[in-house]
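In case you want the letters, here they are:
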Amino acid sequence: MTKNPVVVYDLRETTPLGLADFINECDRRLTEGERLLSLFGRNGGEGETAVAVTAVFVTESDGLSVLRGVAKKGDAYPALTLKHPSAHIYERELWEQTGVLPGGHPWLKPVRFEGARQQRMDDYPFFAVRGREVHEVGVGPIHAGVIEPGHFRFMCHGETVHHLEIQLGYQHRGVEKLLLQRPPKNLTPTVESICGDSCIAYAWSYLAALEALSGTPAGFETDVLRGIALEMERIAIHVATLNGLATDIAFVQGTGSYGRLRTAVINASQRVSGNRFGRGWLRPWRTKGLTDALRQDVRQTLADFAVDLRRMNDLMCSALSVKARFKGSGVVSTQAARDLGLLGVAARASGVAIDARSELPGRLYERAPMGSVVESSGDCWARMLVRMREIDTSLEWLFRVLDDSTLDLSGGTAAPVGADLRLAPEQLCVSVVEGVRGQVLLALETEADGALRHVKVQDPSLANWFGLALAVRDNGISDFPICNKSFDLSYCGNDL
Amino acid sequence: MKAVLSATHWAFVLLMPILMIGVINRVKSWWAARKGPRLIQFAYDLRRLLGKRTVISDTATPLFRAGAYIVLLAGFFAAAMAPMLGRFAPLQFSHDFIVVAYTMGLARIALMLSAMDVGSSFEGMGTAREASFSAFAEPALFLLIGTAGVATGMTSFADLIGALRETQHYAVIAAPLVVALLILLQAEAARVPVDDPLTHLELTMIHEVMILDHSGPELAAMQYAAAMKMVLYAGLIAALLNPFDPFASPAAAAAVSLALILAVAVVVGCIESLTARLPMHWVPRYLLIASAAALASMAVIGIGASV
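Which chain is which? The protein sequence lines are A and B, in order. In terms of this note's numbering, the first sequence is numbered consecutively and its last residue is 496. In terms of this note's numbering, the second sequence is numbered consecutively and its last residue is 307.
The hints are simulated quantities; they were obtained by calculation from the structure and are not laboratory data. Among the hints, erroneous ones may be present.
To be verified - Below are the DMTMM-like pairs computed for lysine to aspartate or glutamate, each with C-alpha atoms no more than 25 Å apart in a straight line:
1. B/K35 x B/D245
2. B/K35 x A/D304
3. A/K73 x A/E25
4. B/K35 x A/D308
5. A/K109 x A/E165
6. A/K72 x A/D21
Model the full structure from these sequences, guided by the hints.
Structure follows, in structure tokens:
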């Protein structure tokens, strides 16, 4: 059976569990070894106190599964986090967005200070480490350079960081509300801009859900083209991260070369899609295709890129000074990564082999399998290596697909006849795409008339930020920038 | 003759900071396959800063602004006694090397106090690093001066360095002393692999974070003083290696010193291009290499004298 990265759950067919049963069932599944992909809530309509809670799990045998429960605002339950720490960030978000209280949660801090809490951001009591020689260093929310807002508060003894508290949520964009204000078929441009360096992953995740809800899936060639777009995005952003890593340790050769190499890839994306980040590349049922000339062009660009990249990677990996900085810095153990539910690159660098492309291959990766890269040391070096090796894996996959003459990628995959965007009523669709940082999860819920009732957006950064906080413990504060860059998490993916 | 040499010395002190920074950045650009900024870009940067208004933190005292100018003036005073063209300095007197060392110490104290004056946690952190790392750099300087003193039997800084090449073991000790001076240069002038003058990451900075709150003319003074300190150390290397006597053949001595200082800039640029920055806790070990090199030279002199 093909395990699909998309699952549609008919809300009319099952009755949601009560809160206590829902939590017991979650606990049972997690104890049995299912992995929690997401846990979120949705407020009922205007003036209602009902809250719909949803948990998404993945199992090795059955793939994605959804559990639905119902609660009331203000209801309390014993927090899952106490037994299953990977739920900690989802329970915080659930509490912040719906008012359902995970009792006994060890650190019930607002995730992004939404709504009424926005004004209380200023007097949030930070975690304090006490001691005569402990000093605090606060960085941000405004930073040097052009990065997004975020506050990092270090509690140090001399140069050693004992604790880092990361405060995000300064952007207040209201993404999930915004997505309900336009008709679903026009939403793709908005979805593409949720997290600007993961346009393709978000767009694909959204479109896969949309197409599943409409009952007319896109053609196989469309999936292949989307896969090509996704891997080109992954390569470009991974190279940008490598560039950042080189810059942060003042390794001049990397700084120049990785920047140039990234440009080659994103310019190829532009030639295909009209945009360097691939905006407008993916649309419902169609994806800008590769004419024979373009296919040859992309193939050649990537082949040239691969040669130069290998030389640059060899330089970076063989420099002793680079090893001195990255090896042993910012270690996250396999146990910690699994407990915290880290995702994507951060998890794979700590020996946790989770990758939606191999766990939930769907028809695309079933036919053109994608290898998954795992390193075990969990330090900055491992996160760098995972990125380098993932680029190689992506290139190898791209060459395989681009050279497959049985695939017609010329973009002849127009919208299927008769397909329009009338979504099936009372459905919940969860869609997962392995983006640059890890799984991008979107959940769409429809009303009785097929309109969107709720859109849940979950970036892998949400779970991974805490991994960064853990990684810098007992490291020198001067190594924070390389730890941060080696995770390379998204601020806006967190600050919806 | 002394007037001509003094004029040349001061021309070096005033202009070489700009040229050295230019050459280093050009070399780094070449390694990164880039065209790089103009050679005298640093001069344009200074002019831009001089035209700017100073922004001062509410918590700063007058010490904050004064610090920048004390650093600059102390730099000039030290440069007057440090040889650059060979065995010559405009200001020379017995045991002036102690004045040189502690004039630079005064500049460091002024820099550290003006950094702490604004009360920022960043600058306190940078100051702590500066204080602890300079404690590892200072022994190297004094061991080096001591070696030169024992070898030459002279007492003024310019004579110590400039006359070293006439001593018996020069061929053996020249290389370790140049290594020691080069490491001191990297530490004192905040260059890679000790520090990174180009980084925007406050948490990793040493020198740059201490001048984070400076702006306008004060920032220009701080940056110029830092570059001058680099020229001072490069000038010591030049004076140590320069085969010409500045009094006998001033033009040749000046030309060779110029070439040597620029060569130091090229070497610094190449090191910065080919290695990443050291982890912070390795910096003391790296600085100890300078002390070890100076100590080895001293041992050579000692053993040589007793044989």
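Hints and how they fare:
{"no.": "1", "hint": "B/K35 x B/D245", "in the structure": "violated (38 Å)"}
{"no.": "2", "hint": "B/K35 x A/D304", "in the structure": "holds (23 Å)"}
{"no.": "3", "hint": "A/K73 x A/E25", "in the structure": "holds (20 Å)"}
{"no.": "4", "hint": "B/K35 x A/D308", "in the structure": "holds (20 Å)"}
{"no.": "5", "hint": "A/K109 x A/E165", "in the structure": "holds (11 Å)"}
{"no.": "6", "hint": "A/K72 x A/D21", "in the structure": "holds (14 Å)"}
Checked against the numbered hints given earlier, the structure breaks only hint 1 and satisfies all the rest.
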